[in-house]
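S.K.: Sequence:
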Amino acid sequence: MTGLRNEVSSESVATAVQVGVPHGGMHLSAPPEQPVPRQLPAPPAHFTGREADLARLDRALDGAVGTVVISAVTGAGGIGKTWLALHWAHRNAHRFPDGVLPVDLRGFSPDDEPVPASVAVRGFLGALGVWPAAVPVDEHAQAALSRTLVTSRRRLPMPAGAFGAR
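Numbering (the working numbering), first residue to last: 884 to 1049.
Since the hints were derived computationally from the structure, they do not count as laboratory data.
Certain hints may be false.
[To be verified] Quick list of the computed label-pair ranges, beta carbon to beta carbon:
| id | residue 1 | residue 2 | range |
| --- | --- | --- | --- |
| 1 | G932 | A976 | 18 to 28 Å |
| 2 | R974 | A1016 | 29 to 39 Å |
| 3 | R978 | F930 | 16 to 26 Å |
| 4 | I953 | P993 | 20 to 30 Å |
| 5 | P926 | H1023 | 31 to 41 Å |
| 6 | E1022 | G932 | 18 to 28 Å |
| 7 | P1019 | D945 | 21 to 31 Å |
| 8 | A928 | E1022 | 30 to 40 Å |
| 9 | I962 | E916 | 37 to 47 Å |
| 10 | R978 | A955 | 12 to 22 Å |
| 11 | A1017 | P993 | 30 to 40 Å |
| 12 | V904 | G990 | 51 to 61 Å |
Bear in mind the structure is a predicted one, so any value in this text is a computation, not a measurement.
Where a beta carbon is used, it is the ideal one built from N, C-alpha and C, also for glycine.
Let the hints inform the model, and build the full structure from the sequences given.
M.R.: Okay, here's the thing in structure tokens:
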């Protein structure tokens, strides 16, 4: 038989199907493509000033192709660190074509306990399209799967102390 090919390819975690001798019609379809996670909370409604800080964050990322850049916004509570980070992230979302994954760690929330790392990682896995049944039980395996899914991607993981505290 000429022109007969048997090919399967995928970049995501998927189920493989092996067929011995197919009879009749066979239709296989790939799972729907996951949307790019863009989960930023709404930008601050009234944000002024801080141009020097925004420019400093821009410079930290400029020319960083293929490099992991880690930046931290620090300062006393209530001075606008979260608003600065959100404003910058909205202005620069185009620089992260593979998505933006914020997580509110509730570091200074008066209402809730801080979010455990395992809960944050499971949230990332869900946003990255991993079905709940495919999430490993072991926390180290969850973290490893998360790293696998974001390797070689241009994503902005954005932990914050209190996205809701405005």
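S.K.: Compare the structure with each hint and give your call.
M.R.: Quick rundown of the hints versus the structure:
{"no.": "1", "hint": "G932 to A976: 18 to 28 Å", "in the structure": "21 Å, holds"}
{"no.": "2", "hint": "R974 to A1016: 29 to 39 Å", "in the structure": "38 Å, holds"}
{"no.": "3", "hint": "R978 to F930: 16 to 26 Å", "in the structure": "19 Å, holds"}
{"no.": "4", "hint": "I953 to P993: 20 to 30 Å", "in the structure": "28 Å, holds"}
{"no.": "5", "hint": "P926 to H1023: 31 to 41 Å", "in the structure": "35 Å, holds"}
{"no.": "6", "hint": "E1022 to G932: 18 to 28 Å", "in the structure": "41 Å, violated"}
{"no.": "7", "hint": "P1019 to D945: 21 to 31 Å", "in the structure": "37 Å, violated"}
{"no.": "8", "hint": "A928 to E1022: 30 to 40 Å", "in the structure": "38 Å, holds"}
{"no.": "9", "hint": "I962 to E916: 37 to 47 Å", "in the structure": "41 Å, holds"}
{"no.": "10", "hint": "R978 to A955: 12 to 22 Å", "in the structure": "18 Å, holds"}
{"no.": "11", "hint": "A1017 to P993: 30 to 40 Å", "in the structure": "36 Å, holds"}
{"no.": "12", "hint": "V904 to G990: 51 to 61 Å", "in the structure": "59 Å, holds"}
This entry does not satisfy hints 6 and 7, going by the numbered hints stated previously.
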